[in-house]
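Put the complex together from the two separate chains, hints included.
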Amino acid sequence: QVLQQESGSRLLKPSQTLSLSCAVSGDSFSIGGYSWTWLRQPPGKGLEWIGYINSLGISYYNPSLKSRVTMSVEGPKKQFSLTLSSVTTTDTAIYYCVRERTIARAFDIWGQGTLVTVSS
Amino acid sequence: DIVMTQSPDSLAVSLGERATINCKSSQSVLYSSDNKNYLAWYQQKPGQPPKLLIYWASARESGVPDRFSGSGSGTDFTLTISSLQAEDVAVYYCQQYFNTPPTFGQGTKVEI
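From first to last, the protein sequence lines are chains R and P.
Heads up, the first sequence is in the working numbering, so the first residue is 3 and it goes up one at a time.
Heads up, the second sequence is in the working numbering, so the first residue is 221 and it goes up one at a time.
The following block holds chain P by itself, in its conformation from the complex (with noise of 0.2 Å):
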């Protein structure tokens, strides 16, 4: 199975500042034939289920705001909360369907 390791397991980000979380692949989940990373994120507030924020690693879901955007390639990958709001105080996990299983990140969570 594909490991899925993010950094770091807790961050504090002040209002309105930018907050970065990390994740990291055992192997690459770029897909040579269709040129995208089969990687996603998701954000998920105490006591719901995980909402689905990027996939591709860079598309942003519908209906998710624009200061969320996914990056990277290949087995390194972040998602950036560009101006945190009280709102986003959640667990955020990276998830990969390279190959089956899919496997998620151990999950960071954001405070203020």
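Chain R with its partners taken away, still in its complex shape (with noise of 0.2 Å):
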């Protein structure tokens, strides 16, 4: 099971709309048993959880973020997504997607990150 999400950095000026993409390689995504997840960590910083989806596309979002997050996924296509709205400087992190295995209610499988930069 392996996450793919976009490798490099992304520069957004505050205000702008960040969206990730995230695609699903194996079995995972259809079987159940799974949430689908993005988290996030500042530049030398601890983690923070955005929120989940899972694969009938119902999501719970942090509600310190919950009026600019939207999360989705795409079925057939194997990939779920997140918008953030509305950036700031402090939204500067790297952003993983995650699976999240939710009968143990822990993240086991990890893309490689992000990095998002905000800044003027």
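Just so you know, these hints were derived from the structure itself, not from any lab.
Nothing here was measured: the structure is a model prediction, and the numbers come from that model.
Keep in mind that a hint or two might mislead.
[As the list claims (entries may be wrong)] Taking lysine-lysine pairs in the DSSO-like style, the calculated list, with each CA pair at most 30 Å apart, reads:
(1) P:K244 x P:K265
(2) R:K47 x R:K68
(3) P:K256 x P:K329
(4) P:K265 x P:K329
(5) P:K265 x R:K47
(6) R:K68 x P:K271
(7) R:K68 x R:K80
(8) P:K244 x R:K80
(9) P:K329 x R:K80
(10) R:K15 x R:K47
(11) P:K271 x R:K80
(12) R:K68 x R:K15
(13) P:K329 x P:K271
(14) P:K256 x P:K271
(15) P:K244 x P:K329
(16) P:K244 x R:K47
(17) P:K244 x P:K271
(18) R:K79 x R:K68
(19) R:K68 x P:K244
(20) P:K244 x R:K15
(21) R:K47 x P:K256
(22) R:K79 x P:K271
(23) P:K256 x P:K244
(24) P:K271 x R:K47
What follows is the structure, given as structure tokens:
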């Protein structure tokens, strides 16, 4: 199982919208038992959970970001996506797409991460 | 949100010696319905994403060396590396998922 997300980095200006996608290889996208999650990590700092979406399209977002976050899933493509609107410098971070093993409530497969920098 | 606090922030251990990291949650993460602690441990090496080591406080993830072990219940947890190897140099995080949002400790840096 591999999560393939955009490599490298992105540069956004304040107030712009961040869009990221993640492709899932293997069969876990369709067999159930997993949720598809986004987490972020500001450079040199700790981890923050952004939210999850499952293969049925049911989502839950961190209340601290809820007003700006949208997640979606494309089953046939085995992809899930994150949109974060009205970014500010505090949104500068490495964004990871991650698989959550639902029964364990633990994050067992991680993408390599995309560095997103917000600067004017 | 549940606050996770790790101690120490960093520690230096000789090769082959034991490393112990503590994690305390601001409320219990023990689910009474299934008697499981929803507490996980991760290892993050520089330039890499975190790697799951332990879930349910003490269940070792497949492929993780048995020198890594987790213990504790309720609000107090420990990650132990029984015999530190050079490849274990990393930052270690605890994480709770008793309720949403899941939250992480601030990390503990382990050095030789």
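Within a Cα-Cα threshold of 30 Å, do K271 of chain P and K80 of chain R meet the stated pairing?
holds, 22 Å
Given the hinted pair K244 of chain P and K15 of chain R, is their alpha-carbon gap at most 30 Å?
violated, 38 Å
Does the alpha-carbon distance linking K256 of chain P and K271 of chain P stay inside the 30 Å limit?
holds, 21 Å
Assess, step by step, whether the Cα of K265 of chain P is no farther than 30 Å from the Cα of K47 of chain R, and give holds or violated.
Holds, because 13 Å separates the two Cα atoms, which is no more than 30 Å.
Checking one constraint from the list: CA of K79 of chain R to CA of K271 of chain P, max 30 Å. Satisfied?
holds, 26 Å
Starting from K47 of chain R, check that the Cα of K68 of chain R is at most 30 Å away, please.
Cα-Cα ~21 Å, so holds.
Assess, step by step, whether the Cα of K329 of chain P is no farther than 30 Å from the Cα of K271 of chain P, and give holds or violated.
This hinted pair holds, its Cα atoms lying about 15 Å apart.
For the pair we were handed, K244 of chain P and K80 of chain R, check the Cα-Cα distance against 30 Å.
violated, 37 Å
Need the status of pair K265 of chain P, K329 of chain P: alpha-carbon distance at most 30 Å?
Given pair K265 of chain P, K329 of chain P holds - Cα atoms ~10 Å apart, limit 30 Å.
Distance restraint between K15 of chain R and K47 of chain R, which requires alpha-carbon spacing of 30 Å or less:
Holds, at about 22 Å.
Distance restraint between K244 of chain P and K265 of chain P, which requires alpha-carbon spacing of 30 Å or less
holds, 23 Å
With the threshold set at 30 Å, check whether the alpha-carbon distance from K244 of chain P to K47 of chain R stays at or below it.
holds, 19 Å
Of the hints listed earlier, those the structure fails to meet are numbers 8, 9, 20, in rising order.
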